[in-house]
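Got two chains here, separate frames each, mind docking them using the hints?
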Amino acid sequence: MAKQHTTVVGYEGNTQSIEYAIPENETGLWGANFDYSIVGKKNIPRLDAVEKVTGKAKYSYDINRPNMLHAVVLTCPYAHAHFEVTDTSEAEKMPGVKSIEVFDEGGKGTARFAGWLIAMAAAETIQQARDAARKIKVNYKVLPFVIDPDEAMDDASPRVNRGGNVNPPEARARDRGDVDQGFQEAEVIVEGVYTTQVQTHSCLETHGCVAEWNGDEVTVWHSTQGIWSVAGGIASGLKDLGLQQNNVRVITQYMGGGFGSKFGPEPFGVLCALVAKKVGRPVKMMLDRYTDTVYAGNKPGSKMYVKLGAKKDGKLTAIHVKAYNYPGHSGGSSVAIPFMEHYDCENIRIEEQNVMTNAGASRAFRAPGRPQGSFGIEMALEELAMKLEMDSYELKAKNVSGTTYKAVPYELKLGAEKFGWKEKSKKHGSENGKIKHGVGCAVTFWHSTGQDKGASVRCTLYPDGSVEVANGCQDLGTGQRTMMAIVAAEELGIDVGFIKVSIGDTQLGLNGPASGGSTTTPTTSPVVRNACYQAKLKLYEKIATKWKTEASDIDCKNGTVFSKSHSDKKMSWKDAAAMLRNSAITATADGFTKPDVPGSNTGAYGAQFAEVEVDTETGKVRCTRIVAVQDCGKTIAKKQAESQICGAVIQGVACALYEDRIMDNMAGRQINPNMEEYKIPGIKETPDIETVIVDVYDPVVNTGGKGLGEPPAIPTGGAIGCAVANAIGVPIRDLPITPDKVLAALQRKEG
Amino acid sequence: MSDQPVGQTQERRAFSRRLFMKGVGTSMVSAGALSTGIAAGAMQEAQASQEENVRGPGMVPMTLNINGHNYQVEAEPRETLLEVLRNRLDITGPKLVCDAGSCGACTVWLDGNPVYGCLTLAIKAQGKKITTIEGLAQGDKLHPVQEAFIEADATQCGFCTPGFVMSMSAAYEKNPNASLDEIKESVSGHICRCGTYTQMLEAAELARGKIGG
Ligand code: FES
Ligand code: FES
Chain V
1 MAKQHTTVVG YEGNTQSIEY AIPENETGLW GANFDYSIVG KKNIPRLDAV EKVTGKAKYS
61 YDINRPNMLH AVVLTCPYAH AHFEVTDTSE AEKMPGVKSI EVFDEGGKGT ARFAGWLIAM
121 AAAETIQQAR DAARKIKVNY KVLPFVIDPD EAMDDASPRV NRGGNVNPPE ARARDRGDVD
181 QGFQEAEVIV EGVYTTQVQT HSCLETHGCV AEWNGDEVTV WHSTQGIWSV AGGIASGLKD
241 LGLQQNNVRV ITQYMGGGFG SKFGPEPFGV LCALVAKKVG RPVKMMLDRY TDTVYAGNKP
301 GSKMYVKLGA KKDGKLTAIH VKAYNYPGHS GGSSVAIPFM EHYDCENIRI EEQNVMTNAG
361 ASRAFRAPGR PQGSFGIEMA LEELAMKLEM DSYELKAKNV SGTTYKAVPY ELKLGAEKFG
421 WKEKSKKHGS ENGKIKHGVG CAVTFWHSTG QDKGASVRCT LYPDGSVEVA NGCQDLGTGQ
481 RTMMAIVAAE ELGIDVGFIK VSIGDTQLGL NGPASGGSTT TPTTSPVVRN ACYQAKLKLY
541 EKIATKWKTE ASDIDCKNGT VFSKSHSDKK MSWKDAAAML RNSAITATAD GFTKPDVPGS
601 NTGAYGAQFA EVEVDTETGK VRCTRIVAVQ DCGKTIAKKQ AESQICGAVI QGVACALYED
661 RIMDNMAGRQ INPNMEEYKI PGIKETPDIE TVIVDVYDPV VNTGGKGLGE PPAIPTGGAI
721 GCAVANAIGV PIRDLPITPD KVLAALQRKE G
Chain S
1 MSDQPVGQTQ ERRAFSRRLF MKGVGTSMVS AGALSTGIAA GAMQEAQASQ EENVRGPGMV
61 PMTLNINGHN YQVEAEPRET LLEVLRNRLD ITGPKLVCDA GSCGACTVWL DGNPVYGCLT
121 LAIKAQGKKI TTIEGLAQGD KLHPVQEAFI EADATQCGFC TPGFVMSMSA AYEKNPNASL
181 DEIKESVSGH ICRCGTYTQM LEAAELARGK IGG
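One line per chain: the protein sequences are V and S, in this order. Heads up: the first sequence runs through residues 1 to 751, numbered per our numbering. Heads up: the second sequence runs through residues 1 to 213, numbered per our numbering.
Errors might be hidden in some of the hints.
[Claimed, not checked] Calculated pairs, DSBU-like style, for lysine-lysine (alpha carbon to alpha carbon, straight line, at most 30 Å):
#1 S:Lys184 / V:Lys387
#2 V:Lys56 / S:Lys210
#3 S:Lys210 / V:Lys684
#4 S:Lys141 / V:Lys500
#5 V:Lys58 / S:Lys128
If you are wondering where the hints come from, they were derived from the structure by calculation, not from laboratory data.
Same shape as in the complex, but just chain S (with noise of 0.2 Å):
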């Protein structure tokens, strides 16, 4: 009897995402970019860097910066930063739920960049600035894309909306004048099971108003 099936397929592509996560580091989030020839590619210079370098398996002392604070915390390398976020930290804005890359619900910013937490090695995101939906508002003022969202009831479940939030706000940071397809486009590696992008819609204008210039 060979290995069983746990959530068997997703295992197995899980394996060799990772690997290849460590070749690159980090993912920026956007839908289709990666092609089987760099993934290839990728694979041999992580199996490279691997033995060179070798940490873990086992437990591994890491030190997060998110939203502005110094995390010390152990985890094993293989840890996703959505994991150590949301099982070691208890920070549970950024939601689990495909765990590859395909539905955006995971989006935190690594340096201002919205990148999927379900396909960043945690390990891999040291000495980066980690912003998650917890870190968005400055104290109690909320960001503009965020009161766009209330003010347009962008919301229905709610379990997208981190990550949506995440990836629109920083659309905005980076050009505060962006066009609805710049913003279709920001958001256009998320989805909404409840289908509630009219009314995400109606707050990137509703942001763009408080935002743009």
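Extracted from the complex, chain V is given alone in its bound form (with noise of 0.2 Å):
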């Protein structure tokens, strides 16, 4: 049975009543005109932070077991090259070591960048694996290879895999509208090359796990975003020793930080399961610094020829964009979205390939593809900008439009009364002395889309009043649990602190999502109120009895309980708890469903603007101010969204300014794979950010809560680019923007 509701939807200035339908079961939506009093606001502490400040906080790392061996993998240390493992009987024989296995069928095949992994050694310590390991001999029989994309285009160059070099063959095309008819349309056309780095994660926490078997069964404590795609991993690569899922747990209680790197069990958590299995004592192998950098992903680099035409007044006739990606030996990339769809144009071509090269391969990383695609129409736009002569922000904000669900004309406008742009914003290259100031800005836009069948949660109420929600799902320091107690909370009426959350183990056998692409809020969110609601309901229920009244006249508010239509009825939430007497309420609801509500939309939009220091002596940059406004829909747990909207903007600024993964061409290998001459920034590189965030209420999900972790990681890198143009008068095209491409692009403006 469906029933009917009605909600106010929008954000300020533009709201809207609306009416839709969801089955009875489920709970309706909050909406702009409810009366919150633990979401979105401020003051809710993080749930495990006091794990954290202590040390207590067991991540996989620091999971030691009873008996445990430690492993260490060795990789090849060519670009390219066959390889086959002829001999390990001398690092068998090494003090301490149990075990020495091979990755791949027969220990051999071809590795396609340096740092293939081609064998394991556990051993009783630590030093005595690594020391084992490099006793495994191998026969490398080297193979021509190339780093260098443009070089890799050239038919003559050496073949990464069987098929070519440039993948597909022919570029793949979007078109919208007639590109050509828009170019004919322009008044002005500008056109540039725009490339973009590659990043490496360098996740704090190493990829790696801790394996153990008891009997049949095998528990794994995992560095992972997704544990159930680790236990079907280790399942399948189990399989002939007849594991089967049902016997495979996976743990992540805490994770230093994955940022689209860590799904999937990877080859050496199926090799440590093995090993432990065979030698019959748990398995710890955590990669170190140097593997985990050249093996475990990166941000792909890419290349976007773009040509943008316009009319006098700065609307846009038409975008074209021939893009390619680098993504290694394996993997792709797309850059397509923010051309497409951050500004407003009719008529857009993008044509993309692929170029593969003998690095390690890409894997996602935080808005994949989008922080470059963004950089490249940012950009494409400030150089247009400088040709008609007009203030970028108000070219910017001339591109784009907005609906009820999608606030970005307003939050673009909101960015530059907070930032002050109008005062801060002048012609560009305009200014005299040796250290230039620049301002830019840049739009964002993530779909954050929640899957409606991604997760189960249950409810369980407790006589003393406490309650625990659970789920599958996994905490990379997102704040998930938070986030799902403040839900729990709000539909409870209750203190956070009743809220109990467990998560990250299969073996609480509830369905929940990997944590990417910015879906675990709008995947999970519902399904905790679905569930809160359905037990608080079955508690109601056992009150309206003594109270003579119906389930549905009761609520709960502030931790009291009461009757709506008899005001004198009310009790405390501890007291109607111990109603329940020995025993619990359990209720568990699978999913949700999305109400069908028309324009509705996943999107997550919002507007940054960067202000720049540029030293036009030694050519440094210095990113000193960053103003954010964001929406997530409705914001949860607000103090934890500040958190991540920073941590993205600093990631940006990493994009920007510093993180570069610097290959030597004719080594073929990274020459900075550590963390020394791999710069991340530090704290004395941080800006002052001030983060903005708008509440844009959308019936997408009942809480109306979309992502947050990859939405305001997109334009930081664009907006920072762009201010550096305003400062210096011309354009720098390539990230990052390093001192000797500042200095050289000075020299080239005056010279």
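This is the structure in structure tokens:
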């Protein structure tokens, strides 16, 4: 049975009332008119903060099991080679060694980058395992390789894989409208080639796991963004041993950063479990920093040939992009969305290809393809503004439009006000003096689609008033536990202190989403609500009998359960729960129903403003200030959301100014596979960041929550790039913007 | 076939680094303090001292005073303090991240001074008071920096947190009124991949309010 509801949606200055229907056992939207007591308030501490600041939080890396062995992997030092493990006997005889295993059948295969996994040694101590790994004999037949993507495109270059290096051989094209017509209508055209670097994820906790068997059952503590995909992968990887997934338990209570690089069991996860079985002892294998950096993923670089057509007033008429993405030896990427969706343009053509090289494979990295594409479109628009001698904010504002659920014009305007754009903006390159200041802005967009069948949540109410909310998801540091507790507390009308959140364990038997694509909040939060709603109705039924009323007449707010019709009938949450005596109430909700409301969308939008200081003598750029305006639908955990936005911005600063995987094209290896020469910003590189969170009430899910991990990580690089162009009057089209590039650009400008 | 690479670049560095550490004892946490000149001198010193007082290879008994308790432990002389804490004593608050003195996640105090646990040989930490993040609170009473980290939400994944907290709290222990610039300096040898610096700066201000006079 569906039930009709009404609610108010939209954002400040643009709201409307809507009607919608959802099934009776699900709860309706909170919406803009709801009297929130906990959701969206700032003062809720992270649920696991005490564990984190006292060192009690146990990450996979911290799991020490009795009798545990330590393992290390051996990787190929060559960018391209046939290899064969010829002799492991010496390694096996080394002190403390319990196992030497190879990754590929027969210990042979073809390594396609320096860092290819070859073998794993397990010993009593990590030192012994390292000693042993060095004694494994491997024959290498070194093959020709190619590292530089421009070179790789040449037909005469060595082939990275079977097939050609350019994939697909004919560019994939995405078209909207008529791009030729669009350019004909244009009164001004700008063209530029923009490139972005490869960045490594450099998660502080490397990839790896601990595996332990108990009879036929294996438990794996895995540093992962998806416990279920790990469990499935371990089961299928060891099915020859007769392992089934009902005997695999994966646990991730704390996780030291993933950013898109930690899905799946990994070959060493399967091997750990295998060795643990064979030796009959638990095995820990966490990658060392070098291997993690070269093996465990990166954000692909890109080269974008961009051509924009516009009217003299700055309105876009056509966008044409030819893009090459650089995913290493496998994987692929796309920079298309920011060109197609960030600004309004009727005529677009995007052609894309991947160029393969003998380098580590790319993986998803916080908004795959988006920071790259954003840099391309924002810089091209900046150059258009320069050519038209227009204010770039005015130009950008002219090319965005909104709806009730798409607040980007509002957010751009709000950001400009908070930032003080009017006072700070000046003509490109107009400032005199050694230190030049500049400002830039950029917009963002991300579809954070909740999976309506992606989560099962169990809510248990105990007689002492305490509550457990459980789901098979994991918390990477986003504040997932806190978000779930806030939603549950709001739905139940009680304090967060009553709620315990259980996640990160497949043995809960509750399906949960992998933490990726900024989908965890929209996938889990509506189901948390539904489970709490169903559980509390069961409790209310008991109370209704006592009060001689209906469960639907009962509600709970700020810890007081009351009758809506008879205000004298009330009791505390604890007293209400005590009516359960020795039993508990459990309700499990599987997924949620998406309210069918026209125009509702899963997009999270925002705008960022950057201020930079460029030292024209040293070429050094400092980002001094960022204003980040962001919505994630209705923000649930406000304090944690702010932290996440700041973190995304800092990663954007890193992309704009610092991080760069540097390869030695002759040797075929990364020059900086560490945290010393690969520059991750520290506290001194952190700009002053102001976050402005906008609530956009969208009936997309019953909490109105959308994902936040990715959207604010998209526009920062572009905003900073534009600010640098504004400061020095010439665009730097190549990320990261390092002093050498600044000095070269200034020289070009003068000469 | 010569030696195979096991995190190979790092291994080679690790060798010279540890030899170096043998010579100079433990390193203070501070960015970019070593010049090659000093390192070369220390290497010679290390080699000289190695000849007169050889211990290991193989297990050596050690006594480590950690968070007020004496631990008897057997470990190889090449094992870092961080490795012994984490792998032999299950004290896992200090984290292993770069193993090369670049990130600060392994920071512990030696006699109240923050050091990188990954650049400190366990054997050399004997006779000193070692404090890890687990020993920072007084029973249930958190250190004001820990409280401030909670209030400011200065943790995301939290993997860097023990290191930052140890350095920041050491700075305030030395100077309860340390300025924000001094605090920035004290944690400038640390990396937070989640980018939680803004909240850590907020925590620094909150902590000064709790500690400062
Ligand atoms: S692990 Fe010691 S500084 Fe990084
Ligand atoms: S909170 Fe994740 S590395 Fe600092």
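Results for each hint:
no. : hint                : result
1   : S:Lys184 / V:Lys387 : 41 Å, violated
2   : V:Lys56 / S:Lys210  : 23 Å, holds
3   : S:Lys210 / V:Lys684 : 24 Å, holds
4   : S:Lys141 / V:Lys500 : 23 Å, holds
5   : V:Lys58 / S:Lys128  : 27 Å, holds
Violated hint for the displayed structure: number 1, the only one.
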